[in-house]
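Participant: Produce the entire structure from the sequences given, and follow the hints as far as they go.
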Amino acid sequence: METIKTLAPQNVWRHFYELTQIPRPSGHLEAVRGFLLDFGKGLGLESFTDKCGNVVIRKPASPGMEGRRGVVLQGHMDMVPQKDNGTAHDFTKDPIRTVVDGEWVRACGTTLGADNGLGVAAIMAVLEDGSLRHGPLEALVTADEETGMYGAFGLEPGVLRGKILLNLDSEEEGELYIGCAGGLDVSAALRYREEPAAEADEALRFTVKGLRGGHSGLEIGEGRANANKLMARLVAECMRRYGARLAGWEGGNMRNAIPREATAVMMFAPAEARAFFEDGLAGEMLATWQNEYRGVDDGIALDAGRDDCPAAVMPAGAQEAFVSAILACHDGEMRRIAAMPDTVETSSNLAIVAVGGGTASVKILARSSCDSMKAFLAEGLEACFRLAGMEVETSGGYSGWQPDFQSPALAALRRAYAGLFGAEPKVKVVHAGLECGILGAKMPWLDMVSFGPTLRSPHSPAERAHIPSVARFYDFLVAALAQVPEE
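Sequential numbering of the sequence shown, starting at 1, is according to our numbering.
Rather than coming from a laboratory, the hints here were simulated on the basis of the structure. Nothing here was measured: the structure is a model prediction, and the numbers come from that model. Among the hints, erroneous ones may be present.
[As the list claims (entries may be wrong)] Here are the simulated lysine-lysine pairs, DSBU-like style, with alpha carbons at most 30 Å apart:
| no. | residue 1 | residue 2 |
| --- | --- | --- |
| 1 | Lys51 | Lys363 |
| 2 | Lys229 | Lys426 |
| 3 | Lys426 | Lys442 |
| 4 | Lys229 | Lys363 |
| 5 | Lys93 | Lys209 |
| 6 | Lys209 | Lys229 |
Facilitator: Structural data, given as structure tokens:
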């Protein structure tokens, strides 16, 4: 089997392989943080962590380039832990197993971690290569980007010296991003007193699976199915037709990942349980979903079967209010940027639903590149859940990154790309949340551009990296560093 260490450019892929061998889901970064510090110190470079666990490594300018503007190469060290149903993998202990599949690299049943491992690997390659031409460099590798951008939020303004920041966390080679959406976490919870399940009732377990999922910023505009929304439709129909009672629900596990799977347990009177199977409701619902999402999400599956009986269920009034709120709340794209109709402006992701033990909770990520629309979306979500009697909190809000089309860094990067490849790069705004928005608000003097290799379906087990794009991405980075403007 071909190993990724043999791919070109080997210096980038070798470092990415090293990163795949270090478990690094958000919240479990001690090992990768130590690895990066040891790497920098091993090169004889100033290397340290700040109070939030971000890693900073400084490399002096190459001879003759001392008068160029300082550049910060920025990425994040954590990855999204997602795996296929049935894949045995512990993201806190096990390395990622990679596969070369034609022109793509993917993982075996899990996320690959190319988001943002390839960006970090490119930074490492630049730091260790003494033959490159560049001005003063700083590497900033942030902590816990995927769960709330905590490293970027916690970075103190005096840590960095550079004037230009190149974020290496974009997913389409040949595109330069100069703006992104802001985000806001919306959380809602309903507390209820559990009722004992009727002893004669039977439990049925439903599992919605096989969905594509994906990145809730990059792929939210594709209209992919949301497992929690599909489950809500099934649960509501079981309540209406059979008087079923909800005992438990687990769907999704990351705010920034479109949920691919959801499981619910409901209690039925014996005659109603038989009627459920005789009516063929599961097949009816599945056929409806497959028709609705044909060509967009073709792998949708639904399992329904008997299960061990739980001890308690939700009260009828509480479950009616909760399920109605799930059905009513906005999910997916809300609108696009009028001047850039290929770019989503405002969206929400019904990311996590959990029911059991007297609490029913929902976690949503709202995004918009327009702060007033983000606030409007959040207000609507809050109203939806408050009408259902739920407690609602918002947190982790950050503004979008407003584009600067007159950016000197952008001009230099466009020249470098055209000189290298004989074509103009596309200049775009991305709906995903980049750390540039947070860092730029803290340090408004930073001139920022984001770019990266081509990735597909980050935040899902279908994540894959396009091998030829990695070489183009790294060659472009090297060429861009040589053309940084003077102070």
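Participant: Out of the numbered hints, which ones does the structure contradict?
Facilitator: 2
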